[in-house]
Amino acid sequence: MSWWWLVVVVVVVGLFGLYLSMTAGRLDALHKRIDTSELSLDAQLLRRSSIALELATSGLLDPAGAIVVAEAAHAARTAADGDTSALDRAEAESALTQALDATLDDEEVEEVRAAPGGAELIEELAASAQRVQLSRRFLNDAVRACSQLRRQRMVRWFRLAGHTPWPTPVELDDSVPAALAGS
Amino acid sequence: MSLRVGLVCPYAWDVPGGVKSHVADLAVTLREHGHHVNVLAPVEEDEALPEWVTDGGRPVAVPYNGSVARLSFGVKATRRVRAWVREGNFDIVHIHEPLAPSLSVLTCWAARGPLVATWHSSQDRSRVLTAGYYVAQTAMEKLRGSIAVSEEARRTLVGHVGGDAVLIPNGVRVQDFAPDTHDRQRRRRELLFLGRIEEPRKGLSVLVDALPAILEQIPDLKVIVAGPGDSDDVRKDIPAHVQRALTFVGTVSDERKQELLQEVQVYVAPHTGGESFGIVLVEAMAAGACVVASDIPAFRTVLEDGRAGRLFSAKDPASLAEAVLSVLDDDASRRALVAQGHKRADQYDWDSVVDDVLAVYESVRVDGEKVTEDLRGQALGRFAARTNFIRGRRGGDG
Chain A
1482 MSWWWLVVVV VVVGLFGLYL SMTAGRLDAL HKRIDTSELS LDAQLLRRSS
1532 IALELATSGL LDPAGAIVVA EAAHAARTAA DGDTSALDRA EAESALTQAL
1582 DATLDDEEVE EVRAAPGGAE LIEELAASAQ RVQLSRRFLN DAVRACSQLR
1632 RQRMVRWFRL AGHTPWPTPV ELDDSVPAAL AGS
Chain B
4 MSLRVGLVCP YAWDVPGGVK SHVADLAVTL REHGHHVNVL APVEEDEALP
54 EWVTDGGRPV AVPYNGSVAR LSFGVKATRR VRAWVREGNF DIVHIHEPLA
104 PSLSVLTCWA ARGPLVATWH SSQDRSRVLT AGYYVAQTAM EKLRGSIAVS
154 EEARRTLVGH VGGDAVLIPN GVRVQDFAPD THDRQRRRRE LLFLGRIEEP
204 RKGLSVLVDA LPAILEQIPD LKVIVAGPGD SDDVRKDIPA HVQRALTFVG
254 TVSDERKQEL LQEVQVYVAP HTGGESFGIV LVEAMAAGAC VVASDIPAFR
304 TVLEDGRAGR LFSAKDPASL AEAVLSVLDD DASRRALVAQ GHKRADQYDW
354 DSVVDDVLAV YESVRVDGEK VTEDLRGQAL GRFAARTNFI RGRRGGDG
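As given, the protein sequences belong to chains A and B, one line each in that order. In terms of the working numbering, the first sequence opens at residue 1482 and continues consecutively. In terms of the working numbering, the second sequence opens at residue 4 and continues consecutively.
In case anyone wonders, no lab produced these hints; they're calculated from the structure. You may find that some hints are simply not true.
Derived lysine to aspartate or glutamate pairs resembling EDC-like cross-links, with alpha carbons at most 20 angstroms apart [unchecked claim]: (1) Lys1513/A x Glu144/B; (2) Lys239/B x Glu202/B; (3) Lys373/B x Asp1516/A; (4) Lys318/B x Asp333/B; (5) Lys373/B x Glu1589/A; (6) Lys1513/A x Asp370/B; (7) Lys373/B x Asp1523/A; (8) Lys1513/A x Glu372/B; (9) Lys239/B x Glu201/B; (10) Lys373/B x Glu1519/A; (11) Lys1513/A x Asp167/B; (12) Lys79/B x Glu47/B.
Generate coordinates for the entire structure from the input sequences, incorporating the hints supplied.
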């Protein structure tokens, strides 16, 4: 009997199993990374909208700008509730970005900065806008890495991803208003 | 909010180098901003080690990325990395040069949670991946956010490895280099070269080849060569008057480097390529020296296409000679370059750079999240967990 054939088969099957187990581990870690990135983006977006709301209600903006920003910030906060679809939320957040961009031109920013407490608000808003940008970028990078792995043949054939839905990148306008970019 | 930050440096802590200085400066600046910092690095001599540096094991000299690097790896290093991650209780672990076959890649494997990486060097695709695609992928997948110090380093990551990175340039502790104002007038009419003598890409040979033409115009010009290596190799085959102009001072400490940059009129960077940033150019500008550098992409960026320093065609001695003579002969244009260089250096000050780094830290982690040891998902990890468990039951320390 060629018993060593059996040994070869056992070793090959064992190594293959090890490979599958490690790949499953990688996938699991990637899904976890996406989850935390989403949480982080969520937190940064909430922070941005609450600072925007604070700015709008501070009386430092001109009344028209204050209404535009307050409405957009309120819409973004409402869209953050669980019932809203991800797409609608992205739209609301993009609208907030545009509202901020339209309201905060160089002169407006200068005026707010000059008022007591205004400089801090502007700094905080700029910092949160930058963090939104970073979080979304890192989230989409995680989504890309995960999709790449999930497209692999072995992952599909052996259903290593289980029932986890395909990750989707978040597309929204998160540009930092030009007047804030320098601060 | 104060963060507990763990920094990982893959190269020996005792050997001067770009990545090491970057990590040290980042650590010091983060500490000044009130954060708790601990650095894990290979250490040759653990005497006189700051209390915020953890010894990651003795480094071994290995050829890596075009030069000889001092790295730590192996079973012992792995064990130290795991212990450091376990005991550090970090909010963020920031790994430098994450694919360097040293403590960096080991940390990518051993830790999970909010991991951030900084990519320093630009490398050929072959060097990055062909050998270890699987290792690279699995390590990279765990990095929540990547920072590149230059557009070239970012291109390495995006093009060869696949992934995205935000660009945060290197910082320089400008105030450490700034000379006393009254000293600025008394600079010696000298050229300074910094770098390993025998490393071709540092370009000392280009400078030496340019010297005859320079000395023809300024016969008493002195050239200081500071850096490790055998000067005899350079001295042979060159004319006696060129030999006389050269002064080899060997390896210099960071303090001596600062002094040299404050004393000379011109710092020459004849690098032929492979540099991804050129931090020493920023240091020279901060110290008030006039920078003359080859026109490789990284240097072009730092010198604002020649507004903050004089550029010449890389690998071209004639062009170097012309550039050096033009700044030595024309005091007004040299002063203008130095003044612009000083402004440029301020933009790279760590105090402003560190805010961007902190923004990355905050954008990758969820409140209360910690970095933990990674034992899940991998059969080897599970095995390690079991041996630790058994050792733990016997009362060992793992």
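Here is how each hint holds up against the structure:
{"no.": "1", "hint": "Lys1513/A x Glu144/B", "verdict": "11 angstroms, holds"}
{"no.": "2", "hint": "Lys239/B x Glu202/B", "verdict": "17 angstroms, holds"}
{"no.": "3", "hint": "Lys373/B x Asp1516/A", "verdict": "15 angstroms, holds"}
{"no.": "4", "hint": "Lys318/B x Asp333/B", "verdict": "24 angstroms, violated"}
{"no.": "5", "hint": "Lys373/B x Glu1589/A", "verdict": "40 angstroms, violated"}
{"no.": "6", "hint": "Lys1513/A x Asp370/B", "verdict": "15 angstroms, holds"}
{"no.": "7", "hint": "Lys373/B x Asp1523/A", "verdict": "19 angstroms, holds"}
{"no.": "8", "hint": "Lys1513/A x Glu372/B", "verdict": "13 angstroms, holds"}
{"no.": "9", "hint": "Lys239/B x Glu201/B", "verdict": "13 angstroms, holds"}
{"no.": "10", "hint": "Lys373/B x Glu1519/A", "verdict": "17 angstroms, holds"}
{"no.": "11", "hint": "Lys1513/A x Asp167/B", "verdict": "18 angstroms, holds"}
{"no.": "12", "hint": "Lys79/B x Glu47/B", "verdict": "15 angstroms, holds"}
Checked against the numbered hints above, the structure breaks hints 4, 5 and satisfies the rest.
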